[in-house]
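Chains as they are written, first to last, in this note's numbering: chain A, 118 to 255; chain B, 118 to 255; chain C, 118 to 255.
If you are wondering where the hints come from, they were derived from the structure by calculation, not from laboratory data.
The calculated lysine-lysine pairs, modelled on DSBU-like cross-linking and capped at a C-alpha distance of 35 Å, are:
(1) A:Lys-148 with B:Lys-148
(2) B:Lys-148 with C:Lys-148
(3) A:Lys-148 with C:Lys-148
This structure is a prediction, so every number in the text was calculated from the model and none was measured.
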Amino acid sequence: MVHRGELTVATRGRGTYDITREVTRIAGESKAREGLATIWVHHTSASLIVCENADPAVRTDLEAFVARLVPDGDPLFTHRDEGEDDMPAHVRSVLTQTSIGVPIADGRLVLGTWQGLYLWEHRTQAHHRRVTVTVIGA
Amino acid sequence: MVHRGELTVATRGRGTYDITREVTRIAGESKAREGLATIWVHHTSASLIVCENADPAVRTDLEAFVARLVPDGDPLFTHRDEGEDDMPAHVRSVLTQTSIGVPIADGRLVLGTWQGLYLWEHRTQAHHRRVTVTVIGA
Amino acid sequence: MVHRGELTVATRGRGTYDITREVTRIAGESKAREGLATIWVHHTSASLIVCENADPAVRTDLEAFVARLVPDGDPLFTHRDEGEDDMPAHVRSVLTQTSIGVPIADGRLVLGTWQGLYLWEHRTQAHHRRVTVTVIGA
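Based on the provided sequences and hints, a complete structural model is requested.
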């Protein structure tokens with residue numbers, strides 16, 4: 118069985134956005150008891166991560182780390198059509214995930230206690246980000 | 118056909134642990150001739166990688182590289198509930214993989230000659246790490 | 118339904134190689150209307166990325182960024198059996214992807230307008246790189 122769901126995340130600029138609930142909903146709609154839910158983001162300047170969901174400071178620190186690792190306006194970058202955060206957004210996306218495959222067991226998404234699914238907006242400005250969830254199962 | 122297997126890795130602290138044999142075993146149990154085995158780790162401070170399996174120095178060097186890239190006790194980090202290796206473990210996990218999808222062809226996991234599947238423990242202390250393998254195939 | 122396709126990329130050394138067309142072709146051969154195409158590279162010194170496909174400077178900048186992040190000949194590395202680019206190639210692979218799962222919807226690979234699928238050769242010399250695409254769908 119294949120079931121497809123879509124969601125759009127209206128970001129308010131750079132940062133992480135919890136999509137666990139929406140992905141869980143789509144997995145539930147599929148009625149799969151066992152299978153796999155594969156998440157896909159349709160962009161190259163926003164990405165997906167699995168991250169600790171209890172202390173928001175984890176995601177603040179993660180943002181600070183990546184901002185230091187891939188600095189906006191780095192003179193190394195020649196591609197800056199859309200500004201100083203343009204090329205860093207592509208690099209951040211490549212260093213994280215465009216697709217993630219989450220198991221479904223006994224009709225539920227298999228997530229550890231502290232695991233949340235996040236869309237990471239890498240551009241400083243707000244965007245609408247499209248995500249497709251493909252459930253394959255039985 | 119969907120088949121699910123689970124394994125637990127008892128880590129002795131930071132480092133990489135070969136799970137190729139266990140994943141191969143679960144893929145075999147599924148009896149799939151063609152398909153996909155997707156590995157999932159249930160944590161945000163341990164992750165998955167595909168890495169060279171011949172020279173152990175590759176994984177030692179990898180550990181050294183990441184320890185320099187994401188230093189324990191970095192003053193940038195505010196989240197340190199569980200110590201100086203807490204936030205670095207989350208960052209290392211985000212920069213590597215929580216899920217990996219390995220093909221199955223002619224009844225065997227498709228791995229290149231030098232490819233091994235590893236769980237990477239990012240915390241300095243020992244932990245029990247859960248992994249789920251979902252096989253979808255025919 | 119499971120369909121498997123393979124392709125070989127003859128690289129001319131370090132750099133990114135567009136495999137979008139070949140993956141699209143294999144997805145088409147499968148006749149899947151809905152499903153998932155999972156790409157796998159059989160190596161630990163070449164990897165997969167999803168990247169912006171419009172301005173080639175994006176991939177040039179990406180290469181420059183990673184070359185600075187993981188320098189060839191870094192004295193930190195002890196594994197250098199095949200030269201100064203040997204261990205950096207493994208690190209670059211671990212920081213990017215060995216597998217990527219792309220959805221298929223309405224008989225087409227779901228790619229955003231600016232998304233391309235690339236094999237990234239991390240060794241300075243030319244290689245033949247094997248890629249397997251596993252399509253699961255209905």
